[in-house]
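Based on these hints, arrange chain L on the given structure of chain S.
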Amino acid sequence: MAKPKVAFYWCASCGGCEETVVDLAEDILIVADAVDIVFWPVALDFKKKDVAALSDGSIAVSFINGAIRTGEHEEMVKLLRRKSGLVVAFGSCAHMGGIPGLGNFWTRDAIFQRVYKEVPTVENPEGITPQVKTQVEVGELTLPEFYDTVKTLDQTIPVDYYLPGCPPPPDLIMQAVNAILKGELPEKGAVLAPDKALCDTCPRAETKPEKISIKEIKRPHEVELDLEKCFLAQGVICLGPATRSGCGERCIRANMPCRGCFGPTSGVEDHGAKGLSMIASLLGLEEEERMTEEDVKKLVDGVVDPAGTFYRFSLPASLLRRKRV
Amino acid sequence: MNEFEPKVVVFRCNWCSRDGETSKMESAANTKLIRTMCSSRVDPSFVLKAFASGADGVMIMGCHPGDCHYLSGNYKTMRRVMLLKNMLSQFGIEPERLKLEWVAPSEETKFPEVVGNFTSKVKELGPIR
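Top line first, the protein sequences correspond to chains S and L.
In case it helps, this note's numbering puts the first sequence at residues 1 to 325.
In case it helps, this note's numbering puts the second sequence at residues 1 to 129.
Keep in mind that the hints were calculated from the coordinates and are not lab data.
Every value quoted in this text rests on a predicted model; they were computed, and no experiment measured them.
Check before you lean on any hint, since a few could be wrong.
In silico SDA-like cross-links for lysine to any residue, where the CA-CA straight-line distance does not exceed 25 Å [claimed, not checked]:
1) S:Lys-5 / S:Leu-54
2) S:Lys-182 / S:Val-22
3) S:Lys-297 / L:Gly-92
4) S:Lys-211 / L:Lys-49
5) S:Lys-297 / L:Gly-54
6) S:Lys-298 / L:Gln-90
7) S:Lys-196 / S:Gln-175
8) S:Lys-182 / S:Asp-195
9) L:Lys-49 / S:Leu-102
10) S:Lys-323 / L:Gly-92
11) L:Lys-85 / S:Gln-175
12) S:Lys-323 / L:Leu-71
13) S:Lys-298 / L:His-64
14) S:Lys-211 / L:Asp-67
15) L:Lys-7 / S:Leu-319
16) S:Lys-215 / L:Asn-86
Some chain S residues near chain L, calculated using beta-carbon distances under 10 Å [said to hold, decoys possible]:
17) Glu-145
18) Leu-285
19) Asp-305
20) Tyr-311
21) Arg-321
Using N, Cα and C, we set each Cβ at its ideal position, and we do this for glycine too.
In isolation and in its complexed conformation, chain S is listed as follows (with noise of 0.2 Å):
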């Protein structure tokens, strides 16, 4: 029988997805015996014409990382979606929009004006910035077009599965082929991962106060982080409340908060909302009841960029989408 194809690709992201395949280490072994990678720009030199070449639907599963930041990226998914059987959004930037998400927050020009002509490093006295289509002597010139909002993959194509994370862990890509290959997934939609919140599963879960009360935020490189204590009973930021477990505490171990790249858990419709909810419960909680208005603006202006914070991952993801302008 043949193997079954898998495409790899990448759209607005940072490689790290790509790496994390890597990082498969000797179990890639077993996933290149399984399947025939059909298509993977990063790794193996197939074009694009090589995947229109395919009968649609013969891919058995695409995964995708990246969100969707220009024109290219957005062809590229149309075609692996009609090429493929399964559209797996691998890593939270496919998922939520993630870091290229927080692009949101500014428009294509004032991204423009700020990358090619403002940054110091930068020299354009003409004031060049990306055009679709340039003349020049011997003909037309074409650039994919830059969009104004970045978008999730499944704003863009339907998904059938989601690996979550900033990259997905080994183990769960690993659960996930397995999964596929033995025709044992779950419901269509599903994110591949726990469905528990980080906490549950957190190495400091132990020393995590029965009511965690927050009397002041302190940003992490305005202490010295205790190697074993809660983060929240720190005072520091940490989304583990808010956020889907299966990450194996990468972070935490590092003696870092969680940031949230896993997303919330099922049933949550909007990730930063729920962050900022959990941390605004908490500050002055002990205190609450003998607070003036006063005292409780100065603690919670103490969260420094709420939106960047609680929607660092999620951004597009989120109700909100993008910056009003």
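What follows is chain L alone, placed relative to chain S:
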């Protein structure tokens, strides 16, 4: 040109606002009243959903501090609203479009008054972007 009539969503706590008054306001153009058991039931995502669905202003009504039917729900509401206002401005939504008001069941005229004042304020701000 028609005059701009702002769409306003009012989340009202069950314990501090009376049905008689609210039914009058319900008939006011473009004002949507939603009753919750406590102002702290208003998840910040409810507010964001209202704005995302085209509301020009969102108001939350709760009992005065110290008077919460569930003892301390309104303190949480106060902190969530403050933090949410800070965040809304980062989204280009004027924080004045979100308003928290404390009312008591005995303050019969205050409820319709604050809703009226807020609606006027939102009218000044104009339609949401």
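Evaluation of the provided hints:
no. : hint                  : result
1   : S:Lys-5 / S:Leu-54    : 10 Å, holds
2   : S:Lys-182 / S:Val-22  : 22 Å, holds
3   : S:Lys-297 / L:Gly-92  : 20 Å, holds
4   : S:Lys-211 / L:Lys-49  : 30 Å, violated
5   : S:Lys-297 / L:Gly-54  : 28 Å, violated
6   : S:Lys-298 / L:Gln-90  : 18 Å, holds
7   : S:Lys-196 / S:Gln-175 : 17 Å, holds
8   : S:Lys-182 / S:Asp-195 : 22 Å, holds
9   : L:Lys-49 / S:Leu-102  : 20 Å, holds
10  : S:Lys-323 / L:Gly-92  : 6 Å, holds
11  : L:Lys-85 / S:Gln-175  : 42 Å, violated
12  : S:Lys-323 / L:Leu-71  : 36 Å, violated
13  : S:Lys-298 / L:His-64  : 21 Å, holds
14  : S:Lys-211 / L:Asp-67  : 22 Å, holds
15  : L:Lys-7 / S:Leu-319   : 18 Å, holds
16  : S:Lys-215 / L:Asn-86  : 19 Å, holds
17  : Glu-145               : 23 Å, violated
18  : Leu-285               : 8 Å, holds
19  : Asp-305               : 7 Å, holds
20  : Tyr-311               : 9 Å, holds
21  : Arg-321               : 8 Å, holds
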